[in-house]
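K.L.:
Residue numbers (our numbering), protein chains in the order written: chain Z, 23 to 225; chain G, 23 to 225.
Honestly, I wouldn't trust all of these hints.
It does not matter which identical chain is used: a pair holds within one copy or between any two.
Within a straight-line C-alpha distance of at most 27 Å, the following computed DSSO-like cross-link-like pairs (lysine-lysine) qualify [what the hints assert, rightly or not]:
{"no.": "1", "residue 1": "Lys170", "residue 2": "Lys107"}
{"no.": "2", "residue 1": "Lys209", "residue 2": "Lys59"}
{"no.": "3", "residue 1": "Lys221", "residue 2": "Lys132"}
{"no.": "4", "residue 1": "Lys170", "residue 2": "Lys59"}
{"no.": "5", "residue 1": "Lys156", "residue 2": "Lys132"}
{"no.": "6", "residue 1": "Lys209", "residue 2": "Lys156"}
{"no.": "7", "residue 1": "Lys221", "residue 2": "Lys50"}
{"no.": "8", "residue 1": "Lys170", "residue 2": "Lys221"}
{"no.": "9", "residue 1": "Lys107", "residue 2": "Lys132"}
{"no.": "10", "residue 1": "Lys107", "residue 2": "Lys59"}
{"no.": "11", "residue 1": "Lys59", "residue 2": "Lys132"}
{"no.": "12", "residue 1": "Lys132", "residue 2": "Lys170"}
{"no.": "13", "residue 1": "Lys59", "residue 2": "Lys221"}
{"no.": "14", "residue 1": "Lys50", "residue 2": "Lys132"}
{"no.": "15", "residue 1": "Lys221", "residue 2": "Lys107"}
{"no.": "16", "residue 1": "Lys221", "residue 2": "Lys156"}
To be clear, the hints were calculated from the coordinates, so they are not data collected in a lab.
There are 2 protein chains.
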Amino acid sequence: MRAIATALGALALAAFLAAAGSAGASDKAARFDASGKMLFPADYRTWVFLSSGHGMSYNPAANAAAEAPFDNVFVDPVSYRSFLKTGTWPEGTVLALEVRAGTSHGSINKSGAYQSGEPLGVEVHTKDTRRFGKADDGWAFFPFEGGKPATMIPREAGCCSCHAASTAVDHTFVQFYPTLLPIARAKGTLNPAYLAEEKTEGH
Amino acid sequence: MRAIATALGALALAAFLAAAGSAGASDKAARFDASGKMLFPADYRTWVFLSSGHGMSYNPAANAAAEAPFDNVFVDPVSYRSFLKTGTWPEGTVLALEVRAGTSHGSINKSGAYQSGEPLGVEVHTKDTRRFGKADDGWAFFPFEGGKPATMIPREAGCCSCHAASTAVDHTFVQFYPTLLPIARAKGTLNPAYLAEEKTEGH
């Protein structure tokens, strides 16, 4: 799991979410067992695709090779439709980050990289203030291995603080989701810190 | 359009498709105007995501940089569900290939690449033997620019011959779609030429 831990840790865009809010229990994209573990969202590959990255990292020296992993981010369809209207995420949002190996040479491909094999890991990011309280505005992370129920990542682990400090919209890396960023801009939901960063970068 | 032409031309995985078959007119993922041009499938981003590649090329020297474009491939949900059952594509399948710019430095990302901006282009691949006849088993390509109706790419352009010769399943690059490849293998729908290639490559 070192590769996946590195990939997930390095991933600048660990940005996703889960279920609840005003929706009925049957609509929830995130489900939990009696001990509070999240059940694996087995249908996430048919949710709405937000974007993918390749070898993304905070570290300039890391992952620049073609064989670096890809990450694919999906969001549950109900929350996606809500975002289109509001520019931000409702209670119950679930984002799933999937990491897959990158392969440069295979079949007719001779350069660049494509995705191959089973997922190296899936991490879910969900917003549920009733379950998780007001800390981090109700967002929590759950790392899955092999479809087994997942335990919440402790808030001290660094995911939450980075998602609080560096994300464009409500703890999520909408700056890396090209179909959502213009919507958030139009709706005025971009975080002030992100807007300041954009200004510094000369966008 | 040179960048997109290069990206599309280089793309080893121009693999997608369109609507019709036994479905009623209202179910069709591909629609055409009276002159035979395909209308832009405006909702393709909510179809089922198959995979993405980064800088993929037939050419070993091309597109290896982080700033190389990404390609995202989506399929209409009806045809996706059919593939899960049969391991191949039904009449009316529509695949959409979207190309987006790759960006390496922005926000907290310092290595690798993420997708940014509006699509550089969208190309649709559709299977419709009633509309297109038996040539290429009914498959045809339509390149879109800015949402305007698209004219079919001539069969002589090379897309069709490559898709006939090098694809894993029925003119589509399923070898680059990691969730579909195991299904095709289990269902016995992989093309003989692809199986021979796999053997040569030592899979």
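K.L.:
Compare the structure with each hint and give your call.
P.N.:
Hint check results:
In this assembly of identical chains, the alpha carbons of Lys170 and Lys107 lie at most 27 Å apart only when taken from different copies (25 Å versus 34 Å within one copy). Taking CA atoms no more than 27 Å apart as the test, Lys209 paired with Lys59 passes in neither setting, with 34 Å inside one copy and 35 Å between copies. Taking the shortest alpha-carbon separations for Lys221 and Lys132, only the inter-copy value of 18 Å comes in at or below 27 Å, while the best intra-copy value is 39 Å. Within a single copy, Lys170 and Lys59 get their C-alpha atoms as close as 9 Å, which meets the 27 Å cut-off; across copies the closest is 48 Å, which misses it.
In this assembly of identical chains, Lys156 and Lys132 lie within 27 Å of each other by CA distance neither inside one copy nor across copies; the values are 49 Å within and 31 Å between. Within a single copy, Lys209 and Lys156 get their C-alpha atoms as close as 24 Å, which meets the 27 Å cut-off; across copies the closest is 49 Å, which misses it. Within a single copy, Lys221 and Lys50 get their C-alpha atoms no closer than 38 Å, and across copies no closer than 45 Å, so neither meets the 27 Å cut-off. Taking identical chains as interchangeable, the C-alpha atoms of Lys170 and Lys221 are never at most 27 Å apart, the minima being 43 Å within one chain and 34 Å between chains.
Taking identical chains as interchangeable, the C-alpha atoms of Lys107 and Lys132 are never at most 27 Å apart, the minima being 42 Å within one chain and 32 Å between chains. For a Cα distance limit of 27 Å, the shortest separation of Lys107 from Lys59 qualifies neither inside one copy, at 31 Å, nor across copies, at 32 Å. For the homomeric pair Lys59 and Lys132, neither the shortest alpha-carbon distance inside one copy (43 Å) nor that between copies (33 Å) is at most 27 Å. In this assembly of identical chains, Lys132 and Lys170 lie within 27 Å of each other by CA distance neither inside one copy nor across copies; the values are 36 Å within and 33 Å between.
With identical chains, the CA atoms of Lys59 and Lys221 are never at most 27 Å apart, being 40 Å at best within one copy and 43 Å at best between copies. In this assembly of identical chains, Lys50 and Lys132 lie within 27 Å of each other by CA distance neither inside one copy nor across copies; the values are 43 Å within and 35 Å between. Within a single copy, Lys221 and Lys107 get their C-alpha atoms as close as 26 Å, which meets the 27 Å cut-off; across copies the closest is 50 Å, which misses it. For a Cα distance limit of 27 Å, the shortest separation of Lys221 from Lys156 qualifies neither inside one copy, at 30 Å, nor across copies, at 56 Å.
Hint violations for this structure: numbers 2, 5, 7, 8, 9, 10, 11, 12, 13, 14 and 16, all remaining hints satisfied.
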